[in-house]
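Line order of the protein sequences matches chains E and P. Okay, so the first sequence: first residue is 1298 according to the working numbering, each after it adds one. Okay, so the second sequence: first residue is 71 according to the working numbering, each after it adds one.
Mixed in with the good hints there might be a few duds.
[Unchecked claim] In silico lysine to any residue, SDA-like type, Cα no more than 25 angstroms apart, as pairs:
| hint | chain 1 | residue 1 | chain 2 | residue 2 |
| --- | --- | --- | --- | --- |
| 1 | E | 1437 | E | 1498 |
| 2 | E | 1320 | P | 476 |
| 3 | E | 1351 | P | 387 |
| 4 | E | 1320 | P | 244 |
| 5 | E | 1320 | P | 73 |
| 6 | E | 1440 | E | 1390 |
| 7 | E | 1320 | P | 309 |
| 8 | P | 314 | E | 1317 |
| 9 | P | 376 | E | 1317 |
| 10 | E | 1517 | P | 73 |
| 11 | P | 72 | E | 1486 |
| 12 | E | 1481 | P | 86 |
| 13 | E | 1320 | P | 239 |
| 14 | P | 314 | E | 1313 |
| 15 | E | 1481 | P | 364 |
| 16 | P | 258 | P | 269 |
| 17 | E | 1437 | E | 1387 |
| 18 | P | 271 | P | 391 |
| 19 | P | 72 | E | 1479 |
| 20 | P | 476 | P | 387 |
| 21 | E | 1320 | P | 138 |
| 22 | E | 1351 | P | 130 |
| 23 | E | 1320 | P | 135 |
| 24 | E | 1351 | P | 136 |
| 25 | P | 243 | E | 1340 |
| 26 | E | 1481 | P | 172 |
| 27 | P | 396 | P | 456 |
Just so you know, the hints here were simulated from the structure itself, not pulled from any lab data.
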Amino acid sequence: MNYVLLIGAGSDIARPLAFLYAKAGYGIYLASRNYDRLVRDASDITIRYGVDAKAFVFDVTETSKHKQFYESLPNRPHGVVCLAGILGDQKKAEREFSEVENVIAANYSGLVSIIHIIAADLEQRQEGFIVGVSSVAGEKGRKSNYIYASAKAGFTTFLSGLRNRLFTSHVQVLTVHPGFIRTKMIDGRETPGIITSSPEEVARDIFTGQQSGKDFIYSKWFWRFIMLAFKMIPEPVIKKMDMK
Amino acid sequence: MKVTNWGNYPVIEATMHSPSSVEEVQRIIAASPEVIARGMGRCYGDSSLNSTILSTLRLNHILAFDDRNGSITCESGVRFSELLDAFVPRGWFLPVTPGTKHITVGGAVASDVHGKNHHVAGSFSHHLLSIVILLGNGSIVKCSPQDYSDLFWATCGGMGLTGIILEATFRMKPIETVYIRQRVLKTKNIDEAFNAFEANKHWTYSVAWIDCLAKGDSLGRSALILGEHATKAEVEYRYRDPLKSDPPLSIPVPFFFPSGVLNRYTIKAFNEIWNAHYISRDSFVDYEPFFYPLDFVADWNRIYGKRGFTQYQFVLPKSVPLDGFKKILRTIAESGDGSFLAVLKLFGKQEGMLSFPQEGYTLALDFSITPESMRLFERLDAMVIEFGGRLYLSKDVRMNKEAFQKGYSNAAAFTSVKKKVDPSNKFQSLQSKRIGISSI
Ligand SMILES: Cc1cc2nc3c(=O)[nH]c(=O)nc-3n(C[C@H](O)[C@H](O)[C@H](O)COP(=O)(O)OP(=O)(O)OC[C@H]3O[C@@H](n4cnc5c(N)ncnc54)[C@H](O)[C@@H]3O)c2cc1C
Ligand SMILES: NC(=O)c1ccc[n+]([C@@H]2O[C@H](COP(=O)([O-])OP(=O)(O)OC[C@H]3O[C@@H](n4cnc5c(N)ncnc54)[C@H](OP(=O)(O)O)[C@@H]3O)[C@@H](O)[C@H]2O)c1
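With the rest of the complex left out, here is chain E (with noise of 0.2 angstroms):
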């Protein structure tokens, strides 16, 4: 059995994507920091497509202990899905830089750290995949949220360069860029109805993304025009832009 491993399987996207993988035939692990949860969620995994699934505590910031994490998997897998991340507080980011070491860790650096173990197993027995969930927000900063972006742009630019350096070992890395998710990061918040998408969504995309082979997508697929009209408008007139 082939196994696939979802960091920030907290994620409202992470359930979806697990059926997925698991009606594909896939075993499931899923890492992140509410245990009890995921234990619940490894048990209705398993009731329903027959597949083992487990869980294991994993904090994407806890850089000191990833490489003992892996170590201690029963299987090795055979791909990632990386969902961790956080939104931030973006005003106290402005004040406080420990707010902004958070915001780097959850979404930037402790993913580096944790990617990179994985990415040398697998450059070695030359397969499978990686799959890092970046954000459309990382394409163009706004005042909103740019702490949240500039990790997510970092992060983006992380999977292109590893991409490259795997190629050659037929390790496929493919960066998701989700528009605006109806999950619970954004709960409560006002989104515009029509280009929100469900987490069902967004895990129907990601699952045949990874299994065509492809390195990079939206999710819904018209964020792609939607960004390229948006980085089209110049800088002079972005900064004016009250947005939100």
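Guided by the hints, dock chain P with the ligands onto chain E, whose structure is given.
Only chain P with the ligands this time, still in chain E's reference frame:
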């Protein structure tokens, strides 16, 4: 946020909570003077609407499954579509299913939904082994036909008014293939249709599409669609993996759009089937188009536009002479208001206190919400009540107190249970206020 159900009417401003644990549910219940549970919002009207709404969609874990007898325990936010996805490939099917798979288990219990097999299998509650409910005081009670049976029978069909259903345990049924052996019979008028239902009672699934425009001798001409789960032996010769569902992308005839707006297409489809010669032969169809033809057309409910629509669904007891049914059909036909096609179905016996089915025949058709249709409903209500029938709460958005109380003879029994388990009347919906459930 703005919330509306399937009929797009009414659209209301509400606070929506989406808890993902029982503790969160308890906190929300404690903090809300008034609340109603909501699943997928597939009821047509205001049954799951109020100023505070508790969405169950994040309470959707399957907790246990026994593949020796098909018994399953799951949280109330699990959708029928998820159950089909996981269990059909392993040879298990829903014991009862409505005409859409996009409903939750909680919604199935609270509306005590019926399917095309009601005359042989009863409604959803008939297959429940137990349910777990969270009451207004925060306590959690497991009930079943054996334990706390009052609470159980008040909650099945109780439209969310006794508490939040957290979990349900029920039996799935074994199938050998994903196919349905289907037979279609033409009946010239309503007399023939009723006779055909009776003569074909032994079929597990039956439903008729009835032409609401036909008048005179053809009043109620219909196409009766019968179905039976195909056995492996029946389909082996053409399908290698009989449990692999491979539904078509488009829908084959017979498929009728129950929408007034699309009358042109439905008339065409109806006539096509009416004139078809293949009718005499049985065919094998995937379960999806058989049970869920409407699910193939995403968001078809938006076709009615901003004013919204509703479905008028009533049941008349078997004791009512055919003339009763004809009188109602004639009134609808003459109004020229509703959808061209309606769904006719035979019901068997029924238990739940507010469950809709009763032994007899039910008819359902769609209407745009207009002043004229509202007036027509009042006239139809009077006839339905006169004949001892009632309207389906899950489709309703406008019936009054009187129609409810006269139609639901167990309303008082329900209220007495509700008073006991929900003394502060915490669980209310716009519908329950309109039909005066707690003030009987
Ligand atoms: C196309 C279509 C076809 C349909 N065909 C049929 C049919 O053939 N037969 C049939 O019986 N029905 C049919 N229905 C109606 C549908 O099955 C019911 O309205 C069902 O209850 C919807 O479930 P839901 O999860 O969307 O619940 P909602 O619509 O959100 O809520 C329905 C009711 O259930 C209550 N409820 C939901 N979850 C809970 C919970 N956890 N605890 C307590 N109360 C809860 C709500 O308060 C509300 O009163 C159809 C609907 C559509 C749109
Ligand atoms: N929602 C959107 O609109 C949107 C848009 C674009 C991109 N994204 C990206 O999509 C991904 C998934 O987000 P989401 O919307 O599903 O948000 P979410 O529900 O908040 O999920 C993120 C998950 O990451 C986990 N996580 C956070 N910090 C962690 C840490 N230090 N260690 C381990 N796990 C950690 C959390 O699980 P635990 O609490 O169990 O640890 C959390 O459930 C994120 O990368 C997000 O940036 C989201």
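Each hint tested on the structure:
1. This hinted pair checks out: residue 1437 (chain E) and residue 1498 (chain E) have alpha carbons roughly 24 angstroms apart, not beyond 25 angstroms.
2. Using a Cα cut-off of 25 angstroms, the hinted pair residue 1320 (chain E) and residue 476 (chain P) is violated, with the two alpha carbons roughly 49 angstroms apart.
3. Proximity of residue 1351 (chain E) to residue 387 (chain P) is assessed by CA-CA distance (about 53 angstroms); at most 25 angstroms being required, the pair is judged violated.
4. Of the pairs offered as hints, the one joining residue 1320 (chain E) and residue 244 (chain P) holds, with about 20 angstroms between alpha carbons and a cut-off of 25 angstroms not exceeded.
5. Restraint check for residue 1320 (chain E) and residue 73 (chain P): not satisfied, since their Cα atoms lie roughly 33 angstroms apart, outside the 25 angstroms limit.
6. Between residue 1440 (chain E) and residue 1390 (chain E), the direct Cα distance comes to roughly 12 angstroms. Compliance with the 25 angstroms bound is thereby established for this hinted pair.
7. Taken as a hint, the residue 1320 (chain E) and residue 309 (chain P) pair is honoured in the structure, with Cα atoms around 21 angstroms apart against an allowance of 25 angstroms.
8. For the given pair, residue 314 (chain P) sits about 16 angstroms from residue 1317 (chain E) by alpha-carbon distance, which is consistent with the 25 angstroms threshold.
9. Restraint check for residue 376 (chain P) and residue 1317 (chain E): the C-alpha separation of about 36 angstroms exceeds 25 angstroms, so the hint is violated.
10. With a C-alpha separation of about 24 angstroms, the suggested pairing of residue 1517 (chain E) with residue 73 (chain P) holds against the 25 angstroms cut-off.
11. In summary, the hint linking residue 72 (chain P) to residue 1486 (chain E) is supported, as the alpha carbons are separated by about 13 angstroms, within the 25 angstroms threshold.
12. Taking the CA atoms of residue 1481 (chain E) and residue 86 (chain P), the gap is near 13 angstroms; set against the 25 angstroms cutoff, the hint holds.
13. At most 25 angstroms may separate the alpha-carbon atoms for a hinted pair to count; residue 1320 (chain E) and residue 239 (chain P) meet this at roughly 23 angstroms.
14. A C-alpha spacing of about 20 angstroms is found between residue 314 (chain P) and residue 1313 (chain E), which places the hinted pair at or below 25 angstroms, so the restraint holds.
15. Of the supplied pair hints, the one linking residue 1481 (chain E) and residue 364 (chain P) is violated, its CA atoms being roughly 31 angstroms apart against a limit of 25 angstroms.
16. In summary, the hint linking residue 258 (chain P) to residue 269 (chain P) is supported, as the alpha carbons are separated by about 15 angstroms, within the 25 angstroms threshold.
17. As the CA atoms of residue 1437 (chain E) and residue 1387 (chain E) are separated by approximately 15 angstroms, the hinted pair is consistent with the 25 angstroms bound.
18. At most 25 angstroms may separate the alpha-carbon atoms for a hinted pair to count; residue 271 (chain P) and residue 391 (chain P) meet this at roughly 19 angstroms.
19. About 15 angstroms separates the Cα atoms of residue 72 (chain P) and residue 1479 (chain E), which keeps this hinted pair within 25 angstroms; it holds.
20. For the suggested pair residue 476 (chain P) and residue 387 (chain P), the alpha carbons sit about 14 angstroms apart, so the restraint of at most 25 angstroms is met.
21. With a C-alpha separation of about 21 angstroms, the suggested pair residue 1320 (chain E) and residue 138 (chain P) falls inside the 25 angstroms cut-off, and the hint holds.
22. For the suggested pair residue 1351 (chain E) and residue 130 (chain P), the alpha carbons sit about 18 angstroms apart, so the restraint of at most 25 angstroms is met.
23. With a C-alpha separation of about 17 angstroms, the suggested pairing of residue 1320 (chain E) with residue 135 (chain P) holds against the 25 angstroms cut-off.
24. Restraint check: the Cα-Cα separation between residue 1351 (chain E) and residue 136 (chain P) comes to about 20 angstroms, which is no more than 25 angstroms; the hinted pair holds.
25. The suggested pairing of residue 243 (chain P) with residue 1340 (chain E) holds, with an alpha-carbon distance near 22 angstroms, which does not exceed 25 angstroms.
26. As the CA atoms of residue 1481 (chain E) and residue 172 (chain P) are separated by approximately 22 angstroms, the hinted pair is consistent with the 25 angstroms bound.
27. Pair hint residue 396 (chain P) plus residue 456 (chain P) holds up; C-alpha atoms about 14 angstroms apart against a cutoff of 25 angstroms.
Taken one by one, the earlier hints fail for this structure at numbers 2, 3, 5, 9, 15, listed in ascending order.
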